[in-house]
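2 protein chains.
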Amino acid sequence: MKNKSVKKKTTLRPTARVGLNGTVARKKKTPELKHLAWDEVEREILTPLFERQLIVGQEIMLARIVLRKGCIVPMHSHINEQVSTILEGTLKFFIDGKEVLVGAGEILTIPPNMPHKAEAMTDVLAIDIFTPPRADWINKTDSYLRKK
Amino acid sequence: MKNKSVKKKTTLRPTARVGLNGTVARKKKTPELKHLAWDEVEREILTPLFERQLIVGQEIMLARIVLRKGCIVPMHSHINEQVSTILEGTLKFFIDGKEVLVGAGEILTIPPNMPHKAEAMTDVLAIDIFTPPRADWINKTDSYLRKK
Numbered sequence: 001m002k003n004k005s006v007k008k009k010t011t012l013r014p015t016a017r018v019g020l021n022g023t024v025a026r027k028k029k030t031p032e033l034k035h036l037a038w039d040e041v042e043r044e045i046l047t048p049l050f051e052r053q054l055i056v057g058q059e060i061m062l063a064r065i066v067l068r069k070g071c072i073v074p075m076h077s078h079i080n081e082q083v084s085t086i087l088e089g090t091l092k093f094f095i096d097g098k099e100v101l102v103g104a105g106e107i108l109t110i111p112p113n114m115p116h117k118a119e120a121m122t123d124v125l126a127i128d129i130f131t132p133p134r135a136d137w138i139n140k141t142d143s144y145l146r147k148k
Numbered sequence: 001m002k003n004k005s006v007k008k009k010t011t012l013r014p015t016a017r018v019g020l021n022g023t024v025a026r027k028k029k030t031p032e033l034k035h036l037a038w039d040e041v042e043r044e045i046l047t048p049l050f051e052r053q054l055i056v057g058q059e060i061m062l063a064r065i066v067l068r069k070g071c072i073v074p075m076h077s078h079i080n081e082q083v084s085t086i087l088e089g090t091l092k093f094f095i096d097g098k099e100v101l102v103g104a105g106e107i108l109t110i111p112p113n114m115p116h117k118a119e120a121m122t123d124v125l126a127i128d129i130f131t132p133p134r135a136d137w138i139n140k141t142d143s144y145l146r147k148k
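Chains as they are written, first to last, in the working numbering: chain A, 1 to 148; chain B, 1 to 148.
Same shape as in the complex, but just chain A (with noise of 0.2 Å):
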């Protein structure tokens, strides 16, 4: 189940162009003791397909994020690391030249710069987690997802 890959080739083209900018911010948010509740934190819907909540602590972010059956998170990368758990439904990866099927109770740990593509094999429940937090997201500057 495990995979070393940081030196392994993917199948994208030399020309792809996945990296996104901004997805750091510049100031540190000041620590801070927070009580929330999910039910209770914002929800933005992005598209018809794709809903998500943040979570934002100073290095670590949460976002649980609801993708209808069909989204496809377009290939992308970030320098900043991801940690995708799965809590329902069936998120197809596909990351360092291979598809990877990542199912309820099951985890996929994702490094810095990493390209990576998702799609929707069900309606899925998840929960990523970011360090340092995904200004992009917190920004709303993320268009790469909002394009569907």
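No false leads were slipped in.
Label-pair distances were calculated between CB atoms; the ranges are: (1) A:Ala25 with B:Asn21: 26 to 34 Å; (2) B:Pro74 with A:Thr141: 42 to 50 Å; (3) A:Ser143 with B:Thr47: 46 to 54 Å; (4) B:Pro74 with A:Gly97: 46 to 54 Å; (5) B:Ser143 with A:Asn139: 37 to 45 Å; (6) A:Lys98 with B:Lys92: 41 to 49 Å; (7) A:Gly19 with B:Ser143: 38 to 46 Å; (8) B:Asn21 with A:Thr30: 23 to 31 Å; (9) B:Arg26 with A:Gly19: 25 to 33 Å; (10) B:Lys147 with A:Asn21: 43 to 51 Å; (11) A:Lys27 with B:Lys92: 29 to 37 Å; (12) A:Lys29 with B:Lys117: 21 to 29 Å.
It should be emphasised that the hints constitute simulated quantities derived from the structure, not laboratory data.
Ideal Cβ positions, reconstructed from N, Cα and C, are used throughout, including at glycine.
Start from chain A and add chain B according to the hints.
For chain B alone, kept in the frame of chain A given last:
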């Protein structure tokens, strides 16, 4: 629900020693693509009331924790930022001079170095997220958790 707290006094006696050492590894892990399932991750039973599983990235660590009713995590602090997410049950935190009940679907963001204690009011399933990873949990030098 939101509490600014960084400069607020806690009820700790000035002599209380709660700061943990050795909670940050000297050397960073190499980032690695990993596909894992909680069902396949080693379960570590620290006490009859406290069980955990770890998934460790480069700068992100996830800990899936089962606390049985009555389990007490003694007052402690660490330089690692922590986000506690409760999936089932209710955990009472003693933090920042207050008692905070955190139930299913709720989250507590705990700034670096903020002393906290926790008591399981019911059986609890939680996922704690740390950055950087808790070296004392990885190295099993977390004697403060193993005293009961």
